[in-house]
Amino acid sequence: MSFEFMQAFKFIQMKTIIHNLDPRTKLLLAIIYSILAIMFEEIFILFFIFLTLFPFIFAGQLFKKWIKSIRGMAFLFLLLIIFNTLFSTFSKSISMIIRIMIMVSSFSLFFLTVHPDDLMLSLISLKVPYNIAFSFSLSFRFVPTIAIEAQNIIDAQKSRGYEMEQGGLISQAKNLIPLLIPLIVCSMKRAFHIAEALDSRAFGSTKNRTYYYSISYTKKDWLITVILIIFFIFGIIVKVFPVLLPDWLFWRFPV
Amino acid sequence: MEKKLENLQILVNHLTYHYPDGTIALKGINLNIYSGEIVGIMGKNGAGKSTLIKTFNGLLKPTTGTVYIENDEVNNVLMSKLTRKVGIVFQNPDLQLFANTVEDEIRFSLKNLNFTKTELENQINLTLEKFKLKKFQNRTPFTLSGGEKKRLAIASIMCRNPEIIVFDEPTIGQDAEGVEFIRNLIKEKHSEGKTIIIVTHDIEFAIDNIPRTILMADGLIIADGPTNKILSQDQILNIGSLISPQLIILSKFLIDSGIKVPDDVYLKENMIQFLGSFFKEKMEISEGGKF
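The listed protein sequences correspond, in order, to chains A and B. Take the first sequence: its position 239, counting from 1, is numbered 245 in the numbering used here, and each next residue is one higher. Take the second sequence: its position 150, counting from 1, is numbered 191 in the numbering used here, and each next residue is one higher.
It is worth saying that the hints were derived from the structure and are not from the lab. Remember, predicted model here, so these are calculated numbers, not experimental data. No residue lacks a Cβ here, since even glycine has one placed at the ideal position from N, Cα and C. Be aware that one or more of the hints could be misleading.
Said to hold, decoys possible - Derived list of chain A stretches under chain B, where covered just means 3 residues or more per stretch with a C-beta under 8 Å from a C-beta of chain B:
{"#": "1", "stretch": "153 to 166"}
{"#": "2", "stretch": "187 to 196"}
As the list claims (entries may be wrong) - In silico lysine to any residue, SDA-like type, Cα no more than 25 Å apart, as pairs:
{"#": "3", "chain 1": "B", "residue 1": "Lys95", "chain 2": "B", "residue 2": "Gly214"}
{"#": "4", "chain 1": "A", "residue 1": "Lys195", "chain 2": "B", "residue 2": "Glu162"}
{"#": "5", "chain 1": "B", "residue 1": "Lys102", "chain 2": "A", "residue 2": "Leu182"}
{"#": "6", "chain 1": "A", "residue 1": "Lys70", "chain 2": "B", "residue 2": "Thr184"}
{"#": "7", "chain 1": "B", "residue 1": "Lys270", "chain 2": "B", "residue 2": "Val302"}
{"#": "8", "chain 1": "B", "residue 1": "Lys235", "chain 2": "B", "residue 2": "Ile284"}
{"#": "9", "chain 1": "B", "residue 1": "Lys190", "chain 2": "B", "residue 2": "Gln164"}
{"#": "10", "chain 1": "B", "residue 1": "Lys102", "chain 2": "A", "residue 2": "Ile41"}
{"#": "11", "chain 1": "B", "residue 1": "Lys95", "chain 2": "A", "residue 2": "Asp161"}
{"#": "12", "chain 1": "B", "residue 1": "Lys85", "chain 2": "A", "residue 2": "Lys226"}
{"#": "13", "chain 1": "A", "residue 1": "Lys226", "chain 2": "A", "residue 2": "Ile41"}
{"#": "14", "chain 1": "B", "residue 1": "Lys95", "chain 2": "B", "residue 2": "Val220"}
{"#": "15", "chain 1": "A", "residue 1": "Lys74", "chain 2": "B", "residue 2": "Gly63"}
{"#": "16", "chain 1": "B", "residue 1": "Lys190", "chain 2": "A", "residue 2": "Leu182"}
To be verified - Facing chain A, a subset of chain B residues (Cβ under 7 Å, in silico):
{"#": "17", "residue": "Leu100"}
{"#": "18", "residue": "Asp135"}
{"#": "19", "residue": "Gln137"}
{"#": "20", "residue": "Phe139"}
{"#": "21", "residue": "Ser150"}
{"#": "22", "residue": "Asn155"}
{"#": "23", "residue": "Phe156"}
{"#": "24", "residue": "Thr157"}
{"#": "25", "residue": "Leu161"}
{"#": "26", "residue": "Thr241"}
Given only the sequences and the hints, what does the whole structure look like? Please build it.
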């Protein structure tokens, strides 16, 4: 087992237009794209929305990582096709897959390019309480640490003869116990250590804290925000007045 | 045992290892370890020590180069066979304890070794007694103290009776009793003819217990030889971010002060003996016994 797929959600410091954007712009992008994805179920329209994400992905030099995260979901896509075709239509399964790809891509665009500290600041600017914002960003900060630890646990257990067994679902689940229990125990221990470290540094001793770093909107942010909002309004208009669109956009598979 | 070709147990040739993220951890390692040796591996954090030992039991496959464990090339052997020959005791016991009872923890390690039921129970009992864990037999491992957990983690590897035993930082976080236990265990396993490899930063432990040391820096072996020689050369120590053990500093000071000292005073007993006879001699010279 490898934890390489975790890399697909790990922030790496880079200097691209997308990385330099304000986290709130990127959050808005993720939210608008998700709403649009839920609003439509026509394959071509969803596909068109999906295509408009690519400029952002390429501008942020994220193509390789994005491919990884999509590849990680291949199994889910397969399930979606099977179950939707069985209980609904094939067309629906395809639109469902594109819909999920839009949501995952837009949110991974956010998590891949927002530094955990900025993530916290953007949550606070949305009036999320500091405690909650801090624990949220802390949990993201620890994803790579836990991935490393999981690898160490696998190494330690393999060294004493543990084998990844193939077999039925139950035996496979049982087989995970030697990995999951140490992982949970270590994570709990670390959580207590962090809590102690926070307490010893007087976390939460004052109600209104100040911030050393701040995030600010630039011209580029405003530009992208305006484009996003126009795009969103256009989406709503088209949804309300579908006659505005050519017929072929509403094509679906016959099955 | 002598350093003869037929006693060669680990042979590493031009070994390199690249991690998937592009980090080059080993840059061409050549190493011979003979049967029955006690070998220390020292070096800064990130020097490649852990990566090197993980290639011995197949956890990591060499990127280029070869590693032979007793005539078997690690790339061509199943990991289950390698872990039987090479037992690695990891630094943090919390990474491997999971079972309901201490006994089950040992049982898990013996699972794939084809023991009959009575043999299995015997082996578990023997191990528990040897590692002074019998009284905890039915307790959950999570309520043990740090030292007891470490003992259990070591026991869970030792019960598999590997020919080559690798300790990763065995003395870290251990109290005097724990260190003494590990010291005795190493002596015992050495007398049984096992090969022992110890990754450590603990120079005082190394000078007392490890005859041969390999010093690594930046993915390469920069020194390989008797521990006392390596830990007394300033240039090597600087590269490895190490400081000399106290007795080597003392013996250097004595030599600089013009006092003739034997070669082996870096060992505690020898230094005590030397200083004892040295002062006795001095006392006899000055006023027939009065200091």
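Consistency of the hints with the structure:
1. 153 to 166: With 9 residues in contact (Cβ-Cβ under 8 Å with chain B), the coverage given for the stretch 153 to 166 of chain A holds.
2. 187 to 196: holds (count 5)
3. B:Lys95 - B:Gly214: Holds - the C-alpha atoms of glycine 214 of chain B and lysine 95 of chain B are around 22 Å apart, at most 25 Å.
4. A:Lys195 - B:Glu162: 33 Å, violated
5. B:Lys102 - A:Leu182: 23 Å, holds
6. A:Lys70 - B:Thr184: Since the Cα atoms of lysine 70 of chain A and threonine 184 of chain B sit roughly 46 Å apart, the hinted pair is violated (cutoff 25 Å).
7. B:Lys270 - B:Val302: Holds, because 15 Å separates the two Cα atoms, which is no more than 25 Å.
8. B:Lys235 - B:Ile284: This hinted pair is violated, its Cα atoms lying about 29 Å apart.
9. B:Lys190 - B:Gln164: Holds. Lysine 190 of chain B to glutamine 164 of chain B sits at ~19 Å (cutoff 25 Å).
10. B:Lys102 - A:Ile41: 47 Å, violated
11. B:Lys95 - A:Asp161: 8 Å, holds
12. B:Lys85 - A:Lys226: 46 Å, violated
13. A:Lys226 - A:Ile41: 23 Å, holds
14. B:Lys95 - B:Val220: 24 Å, holds
15. A:Lys74 - B:Gly63: Since the Cα atoms of lysine 74 of chain A and glycine 63 of chain B sit roughly 17 Å apart, the hinted pair holds (cutoff 25 Å).
16. B:Lys190 - A:Leu182: 22 Å, holds
17. Leu100: 5 Å, holds
18. Asp135: 5 Å, holds
19. Gln137: Holds, about 4 Å.
20. Phe139: 4 Å, holds
21. Ser150: 4 Å, holds
22. Asn155: Hint on asparagine 155 of chain B: violated, closest Cβ of chain A at ~11 Å, above 7 Å.
23. Phe156: 12 Å, violated
24. Thr157: For threonine 157 of chain B, the interface hint is violated, since the closest Cβ of chain A sits about 17 Å away, which is over 7 Å.
25. Leu161: Status violated, d = 13 Å.
26. Thr241: Violated. Min distance 18 Å.
In summary, the numbered hints that this structure violates are 4, 6, 8, 10, 12, 22, 23, 24, 25 and 26.
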